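S.K.: One-letter residues, chain by chain:
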Amino acid sequence: MSTEINYLIPWLVFAIPILGALLMPIVARIGEKIRDYYAIFITLISAILCASMLPIALAGETFHHQVMWISALDITAGVLADPLSILMSNIVGWLSFSIMVYSMGYMKGENNMTRYWFLMVFFIGSMQLIIFSDNFLQLFFGWEGVGLCSYGLISFWNKDHKKDYVGTVGKKAWGIPLAYSPTHAGSKAFLMTRVGDASFLIGILTLFYFSGTFDFMELSKSHTWAVELAKSGLLIPVALFIFGGAIGKSAQFPLQEWLPDAMAGPTSVSALIHAATMVKAGVFLIARIGPIFVTAVENISLIMPFFEFVAWIGAITAFLAASQAMVSNELKKVLAYSTVSQIGFMMLAFGVAGLTSNFIVGYVAGFFHLTSHAIFKASLFMGAGAIIHQTHTKYLNEMGGLRKQMRLTFIAMTIGAASLAGIPLLSGFWSKDAILASILGVESSFTLIALYGLASITAIMTAFYSFRMIGMIFFGKKSRHLSKLEKSSGKHIHEAPVLMYAPYVILAILTLALGFTGPIYEGFLANSLGHHLEYAVGMEIHEHVFSINLIAVSTSILAVLVGCGSGYLFYINGKLNPIETVKNIPGLLTLQKFFVNRWYINSLYYIVFINGSLKLSQLIHKHVEVGILDKLNTVVPKFSIILSTLGGKFDKYIVDGTATRIANFNILISRNVRKIQTGITEQYVFFFALGIILLTLLLFG
Amino acid sequence: MLLLQAVFLPIILAPLIYFIGLRIGKNVGWLVFLILFYCTSLLLYSGFSSPEHLESYNWEPIGEFGLFLDGLSFPFAALIYILSTVIAMYSIPYMAHRIKEDLHSKKAISDTINRKISLYYALYLVYAAGMLGTVLATNLIQFYIFFELMLIPSFFLIAEFGYGERQKISLMYFLWTHVGAIFLLGGILTIGFFGGSFNFFDLNESGLPSSLRVWVGIAISVGLLTKLAAAGLHVWLPYAHAESPTPISALLSPAMIGIGAYAFLRIFLFILPSIYPTIVFAISLWGLLTMIYGGLMAYAQDDLKRLLAYSSVSQMGYIIFGMGSLYYLGVTGSVFHYVSHGTGKALLFMAAGSIIMQTGGVRSIKKLGGLGSKLPITGIAAMIGFLAIVGVPPTSGFQSEWMIFAGSFAGALETGSTGKLILTAIALAGTPITAGYALLTIRKVFFGELPSEFKNIKDPSFHITIPLLFLSALTLIIGIYPSVITDNLVPLLQNVFGGIG
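Residue numbers (our numbering), protein chains in the order written: chain G, 38 to 738; chain H, 33 to 533.
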């Protein structure tokens, strides 16, 4: 039962957008409308190609095609189309398409759209390149490609007008401002992920020495590299360094600080890059390499510390970010923190996979959550974009009471938020439940309890901030800002145009659909990913049958009840006043401030790394560079005149006329130092030319 | 005769160019461009047609005058001439602008301008040929002669066309390079004296008394590290490179100083292979220091060209670091990085030149801003240039950097050196320093609010934008298809290291 596809298809999935993006400036010359449709058309083609590969994924098969790349080093380039990459590419491809359509509406009337489309399309190509790469080196090309596009798109409004700032201008924590201009935020994102990338490179380059290859298939075929690595004690460090790349790209603790500020970009960008696709690249990387490491070691306990680390980072990040999502006053930032937190959940699942006896359980849970989150978060972001567009504010406290005026958006976002909160029978419920259930399979009881506890608390917080967000946007009284806005413009706030709402309404419907078919989708994932892991990677897989884990289900339902219930009371039904409550309960105000100030982690980084290194640079410049080394510039001329005189004598003694002439020339120059300053260069050039002619004569005479 | 033509045609034609230039003025640049274009074609043809290419001529009394192109010298030679060719075109408007600016008068006498521009191009040709001759030389004396032949015209170019206190700075540059050169000469002569020949192919380190070897190694290293502007020996570089006329900065900074790396590899890998392993740790450490020191100093600069000059110091650190890797991949990376940094830094200096020209001489980063919308091509070129030196794919900088670090890891693991392993990890962890100043500079120069006095500026003429686009494309092509460099280089180095290991 072999499913044949044309070997070019996986190549084209990323080649079409990448090359197509390069043509964007040319297409833009034909006409703006044509350029817009062209951009969307390319995305659609790429997505259709992804879909055409679905039969391979369904059959759990693997398609691999390679060409020689750097022949001297025996490095190949290639595409690896297996269930993991094909499913991921479809999520990316189709979400990209819907967000590109949304962009037409959202970015209407913006300048510099050629740049926007170029970066978006190039981004999609780079992301697909990551997904289909069959080796680390090629993957890194896509990896940095998405990083660059992300940098360019966060900085899209590069005039840095105050209105485009993310965060509240003027607020500070430990003296460090909490508001950033778009180009600052873009640079921050690039730099922080770059720190992760340095770690990533340390990992893969060391691995390259031991294995002689970057190729995933080869790494899973031969296992001597793992034995050698383990022998030298570098197995875990190498795995962790590689994970460092994922930490950076997926904004996990301790490199999570760039993502909230990445919200300075257009909302369509946040939806595509900083919620649905790029930030999942780190998760994808772990899904790609996790099985390789597991099969490569003789005994899974050798690699367990790595998975334990991944799980812990995931759990800590999930908790940390959720706490900040509960107090953020900016709509997009709530969603950003929530993204960081949910990616933490995915990491947790992939980490847990390696800690349980059946790898596939956590693996499927992680990928399931990746799918459901990508869909509902893209929908939420696009909805948020529509709201910000209509209300001219990004602050939650300047919204309120919009449920009647923006009915479709209200319904779509509520579905998304409910799925995020984990309300039963929605996609988020199933996937979160799968993660909780997978944690229960962890063998070490301490880890089990700690991780399960963190995950459950985070689930409560998630439910709470989801309802808080919906409440503050759609319920309660209309804010003063909105009344003023309606009065000044004379128009009522109304629903977004169809080009904008169609994509997120469709995604909301998809969220519902995935909710109804949750267990079926999970079963499908278990089948096709499991089949792949078993036959292509060579892993031992126990059959994973979908079953309802009562402990997990009751935990998640309890979390929903507590989280949503309190969110409902505070923000929807209005029985309790959140501001009063925080004031009245001792300690809560401090805690709130702590969360709002991002646990001071952001400030700490700025103080130590940014201000610290700038200060260090100034100090060294003042005291070493100017203070000491520049003095050499007065010593050296004196010294060199002595030396060149000596050198001239040395030459005369040892070599023949040629070298002597040169040395004499040196003396000539050094003796005539003063004369040069009169500026009669031509004279010297004349001597110089004479010297050359002499030399040439010597040579051929 | 291909290589002989490539080296000597520019030298022989230089006086002619001077006299033609007196008549036709700045358009003589096109002739220079054509000459160098022809010579570059010869060079590329030789390099790609066979892995090794040797031309040998009788040269009494020193021995043979040879020109040798192999996997090691080809990347250096090709970059030197490619850059020289495109910068010849770039110089046409830039130098006209520079000379007029320098004469402080709007209606300068055209004779004076013509004389100056002819002088520039005559020196330029000799300078380019001198650099090429250095990397093609087959014996040490020949090498040293060409080494001088590139120094002298560059000295005049700075003294005559530079900015600021140019006379003082050109002298400083000249003396510093000579301090290095004298160490080098001392080392070379000692080798030749004991080795019985100056010819690379005949030289044998076995004749060298073991007590002298260390000293020869140190002398040559110090000489060449001065050229490479390693930390501590770098103080001349920021002055020279910042105050040179910008096209010359674009040649000096990446192409010329990197020749130190070529000489280092040629001498230590092929002539002194027994000394090489004893100094690698020191070289790596020095490279790491240079990397970080140069990078940190770049943050303290406000002058755009000075910032780029410090960035060159830092980038030389990467090259030096790779030279100390004691593994073929690391050395491949070093050579590769010469090319990557060469295209990247040339792009940056040329972009800086474009800004200087269009803004009427503004170099202070504080006074710039928002230029991205006004100078889009300059902005894109600067971005790609920075990506190349930061080492971001798909620019060639990524290919060279991963090879440097992979090679260094491999060298460390091969010899079981934990110290080296840690050095390499620190070096890699230090790479965000480069990204930091690159992003900061891009932000301050190209983003943000546009100062009102720049409302009406636009990208310069095609003389400048075409070279910018060409080099941008070049760095991307090499980044995606690195085999153009590695195919001949890697087997050569594998062979050499097979002998050393």
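Errors might be hidden in some of the hints.
Once the Cα atoms are required to be at most 25 Å apart in a straight line, the calculated SDA-like pairs of lysine to any residue come out as [said to hold, decoys possible]:
no., chain 1, residue 1, chain 2, residue 2
1, H, K200, H, A314
2, H, K490, G, G68
3, H, K490, G, N149
4, H, K399, H, I250
5, H, K399, G, G68
6, G, K199, H, K200
Think of the hints as simulated: they come from the structure by calculation, not from any bench. These figures come from a predicted structure and were not determined experimentally.
S.K.: Indicate, hint by hint, whether the structure satisfies it.
M.R.: Hints, one by one, checked against the model:
no. : hint            : verdict
1   : H:K200 / H:A314 : violated, 33 Å
2   : H:K490 / G:G68  : holds, 23 Å
3   : H:K490 / G:N149 : holds, 17 Å
4   : H:K399 / H:I250 : violated, 44 Å
5   : H:K399 / G:G68  : violated, 36 Å
6   : G:K199 / H:K200 : violated, 46 Å
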